[in-house]
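**Student:** Spelled out, the chains give:
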Amino acid sequence: MNRSIPRPSLPALEQKAAWLSLLLLAVSLHVFEAALPSLGPWFKPGLANIVTLLTLVILGPGAAAMLAVWRVIVGSFLIGTLFTPTFIISLAGGVAAAIAMLTAWRFLPGITLIGVSLIGALAHMTVQFVTVESLFIHQQALYYLLPPLLLLSVTTGWINGGLAAYIVMRLKESD
Amino acid sequence: MLLLVSLAGILYAWQWIHTEISAGPPMVEIYHDDVLLARYPFPEPGKSIHFDAEGELGISEIIIDPDGVHFSSSPCTTQYCVLNGRHSKGGEIIACVPNRILIAIKGSRINGNRYDAIVE
Chain A
1 MNRSIPRPSL
11 PALEQKAAWL
21 SLLLLAVSLH
31 VFEAALPSLG
41 PWFKPGLANI
51 VTLLTLVILG
61 PGAAAMLAVW
71 RVIVGSFLIG
81 TLFTPTFIIS
91 LAGGVAAAIA
101 MLTAWRFLPG
111 ITLIGVSLIG
121 ALAHMTVQFV
131 TVESLFIHQQ
141 ALYYLLPPLL
151 LLSVTTGWIN
161 GGLAAYIVMR
171 LKESD
Chain B
1 MLLLVSLAGI
11 LYAWQWIHTE
21 ISAGPPMVEI
31 YHDDVLLARY
41 PFPEPGKSIH
51 FDAEGELGIS
61 EIIIDPDGVH
71 FSSSPCTTQY
81 CVLNGRHSKG
91 GEIIACVPNR
101 ILIAIKGSRI
111 NGNRYDAIVE
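Chains as they are written, first to last, in the working numbering: chain A, 1 to 175; chain B, 1 to 120.
Bear in mind the hints are in silico, worked out from the structure with no lab data behind them.
Misleading hints may appear alongside valid ones.
To be verified - Output of the computed footprint for chain A on chain B, the stretches with three or more beta carbons under 8 Å from beta carbons of chain A:
hint, region
1, 5 to 17
2, 60 to 71
3, 86 to 99
What the hints assert, rightly or not - Facing chain A, a subset of chain B residues (Cβ under 7 Å, in silico):
hint, residue
4, L2
5, P45
6, I49
Quick reminder that beta carbons are idealized off the backbone N, C-alpha and C, glycines included.
Using the sequences and the hints, build the whole thing.
**Tutor:** In structure tokens form, the structure reads like this:
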């Protein structure tokens, strides 16, 4: 009896390979950011979010959401923070940013990648604070730090969105 | 448009928080989770306060001197709180999330100690 495993189609395989490549890129950026000197408490430039934006455009919302989750899990495993408070805060921020960006992309017609990135950066920072306040340190004084960090998030969200838009433009040119 | 709305909202919130917390003399408040462990004014020049805050993982050592407050040691693995350095302005906070210790500075330092020292 000859039972063969069904082969996935070539486009499906190409899509999986593209997703894995993007995941590796996002994980690399996640680890790179962890190795950077601290730019302030709880503040990172969010370079890995550029890859989430690229995945959103290239592979669609589902793939982008999965990438946001797996990037935090694999990245945290590599830098040794898996299942620590740092991981929980990072995962909550990453998932919130992904949901906010996908919702904006889906329901706000005409929004640019810069706008999507801006919304993601603001959601990421806000949810990080809410997570810390609700799970770890039940002190509203934590929110004193939120406005200046949101201001930095606006800046990095704008820059990262601009970079993602530039990369998408170059990718379309090369097609 | 989105950028402008975001900036306006953030700046308004920042201004509101700043007004709320800058009333009164500068005080350092140290919390473990939602419990206030200690509340100190900034000490006079030449003096410092050493406080051991017991958290989830162990003792976080905190030093308050006229120039600010900082974690001098922490049982956490990341050490972000220690690397965060010294803070002295009203509204600034330093948190050690793994050990659940928070330092918050309230009040304003209109005539901060460091400037008094220059005048003297």
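**Student:** Decide, hint by hint, whether the structure agrees.
**Tutor:** Now for the hints, and whether the structure bears them out:
Coverage of the region 5 to 17 of chain B by chain A holds [criterion: at least 3 residues with CB-CB distance below 8 Å; count 7]. Interface restraint, the region 60 to 71 of chain B with chain A: violated (0 residues with C-beta to C-beta distance below 8 Å; minimum three). For the region 86 to 99 of chain B, the stated coverage by chain A holds: 7 residues have a C-beta nearer than 8 Å to a C-beta of that chain, and at least 3 were required. Satisfaction of the interface hint for L2(B) is found here, the shortest Cβ-Cβ separation to chain A being roughly 5 Å, below the 7 Å cut-off.
Interface restraint check for P45(B): the shortest CB-CB distance to chain A comes to about 26 Å, outside 7 Å, so the restraint is violated. The closest approach between the C-beta of I49(B) and any C-beta of chain A is roughly 19 Å, which is over the 7 Å cut-off, so the hint fails.
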